[in-house]
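Enquirer: Working from the sequences, and respecting the hints, build out all of it.
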Amino acid sequence: DAKTTQPPSMDCAEGRAANLPCNHSTISGNEYVYWYRQIHSQGPQYIIHGLKNNETNEMASLIITEDRKSSTLILPHATLRDTAVYYCIVRVAGTGNQFYFGTGTSLTVIP
Amino acid sequence: EADIYQTPRYLVIGTGKKITLECSQTMGHDKMYWYQQDPGMELHLIHYSYGVNSTEKGDLSSESTVSRIRTEHFPLTLESARPSHTSQYLCASRRKETQYFGPGTRLLVL
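Protein chains in written order, with this note's numbering: chain Y, 408 to 518; chain C, 38 to 147.
Misleading hints may appear alongside valid ones.
As the list claims (entries may be wrong) - Mimicking DSS-like on lysine-lysine, the simulated pairs with C-alpha atoms at most 27 Å apart in a straight line are:
1) LYS94/C <-> LYS133/C
2) LYS94/C <-> LYS54/C
3) LYS133/C <-> LYS410/Y
4) LYS459/Y <-> LYS410/Y
5) LYS94/C <-> LYS68/C
6) LYS410/Y <-> LYS476/Y
7) LYS94/C <-> LYS55/C
8) LYS68/C <-> LYS133/C
9) LYS410/Y <-> LYS68/C
10) LYS459/Y <-> LYS133/C
11) LYS68/C <-> LYS55/C
12) LYS459/Y <-> LYS476/Y
13) LYS410/Y <-> LYS94/C
14) LYS476/Y <-> LYS133/C
Claimed, not checked - Example chain C residues on the side facing chain Y (calculated, C-beta under 10 Å, incomplete):
15) LEU82
16) CYS128
17) THR135
18) GLN136
Calculated directly from the structure, the hints in this document are not laboratory data.
Just so you know, even glycine gets a beta-carbon here, dropped at the ideal spot from N, CA and C.
Expert: Written as structure tokens, this is what we have:
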């Protein structure tokens, strides 16, 4: 599975959009991009995933560049409860390949 | 919302004791996982199962063992706990491309 690179930490003002970047320059054509988050050492929570089209759900939007070498997770209106570690994972879907969570980005939402 | 449970949530135990961490899910998922995570550090996969009577070791070497006799139940056992086993243990199940995690068990071995 392709390796991902994320900034170790970010801040965001409450009510503003939080844009979390992820680089995955070695991604292959059949690998999906997944995002999970972990709030204060609870179990990680699934957010969203996509292959090449932009995706949106009730939690977030996922923007994948046309060359698929990077992506951005967008939390449109960050709240204090969005303070968490966000993990970007790249893997082939529908296989036995495991999820490698890495170190993620620690997002702090500031009042 | 996924229904996956772990007990106990917190455990303090002496060196040499045998412990079993329980994990149960009511969703009928075949795939289940155990991760180990130290504070502020990465999650490491220590065991996984693709169904009843299927168990495999993960990427991180662990002295623990697991069993999968029933679909809904995936317990993890340490035969002789040591201080180096102090960590958080997270159980997960998977449906399609989504993993659902339990709340975790925080283990402290004295």
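Enquirer: Work down the list of hints and note, for each, if the structure agrees.
Expert: Here's how the hints hold up against the structure:
1. Restraint check: the Cα-Cα separation between LYS94/C and LYS133/C comes to about 21 Å, which is no more than 27 Å; the hinted pair holds.
2. In summary, the hint linking LYS94/C to LYS54/C is supported, as the alpha carbons are separated by about 22 Å, within the 27 Å threshold.
3. Between LYS133/C and LYS410/Y the CA atoms are separated by roughly 22 Å; this keeps the pair inside 27 Å, and the hint holds.
4. Taking the CA atoms of LYS459/Y and LYS410/Y, the gap is near 17 Å; set against the 27 Å cutoff, the hint holds.
5. For the hint pairing LYS94/C with LYS68/C, the CA-to-CA distance comes to about 14 Å; that is within 27 Å, so the pair holds.
6. Taking the CA atoms of LYS410/Y and LYS476/Y, the gap is near 11 Å; set against the 27 Å cutoff, the hint holds.
7. For the proposed pair LYS94/C and LYS55/C, the alpha carbon gap of about 20 Å is at most 27 Å, so the pair holds.
8. Only pairs whose Cα atoms come within 27 Å are accepted, and LYS68/C paired with LYS133/C is accepted, the gap being roughly 9 Å.
9. Between LYS410/Y and LYS68/C, the direct Cα distance comes to roughly 24 Å. Compliance with the 27 Å bound is thereby established for this hinted pair.
10. A C-alpha spacing of about 18 Å is found between LYS459/Y and LYS133/C, which places the hinted pair at or below 27 Å, so the restraint holds.
11. A threshold of 27 Å between alpha carbons decides the hint, and for LYS68/C with LYS55/C the separation of about 26 Å falls inside it, so the pair holds.
12. Distance check on the hinted pair: LYS459/Y and LYS476/Y sit about 10 Å apart at the alpha-carbon level, within 27 Å; holds.
13. At most 27 Å may separate the alpha-carbon atoms for a hinted pair to count; LYS410/Y and LYS94/C meet this at roughly 22 Å.
14. For the suggested pair LYS476/Y and LYS133/C, the alpha carbons sit about 24 Å apart, so the restraint of at most 27 Å is met.
15. Below 10 Å, beta-carbon pairs count as interface contacts, and LEU82/C has one with chain Y at about 6 Å; its hint therefore holds.
16. At its closest, the beta carbon of CYS128/C sits 8 Å from a beta carbon of chain Y; the interface hint therefore holds under the 10 Å criterion.
17. For the restraint placing THR135/C at the interface with chain Y, the shortest Cβ-Cβ distance is roughly 5 Å, inside the 10 Å limit, so the hint holds.
18. Interface hint at GLN136/C: satisfied, since its Cβ lies 6 Å from the closest Cβ of chain Y, which is below the 10 Å cut-off.
The structure agrees with every numbered hint stated previously.
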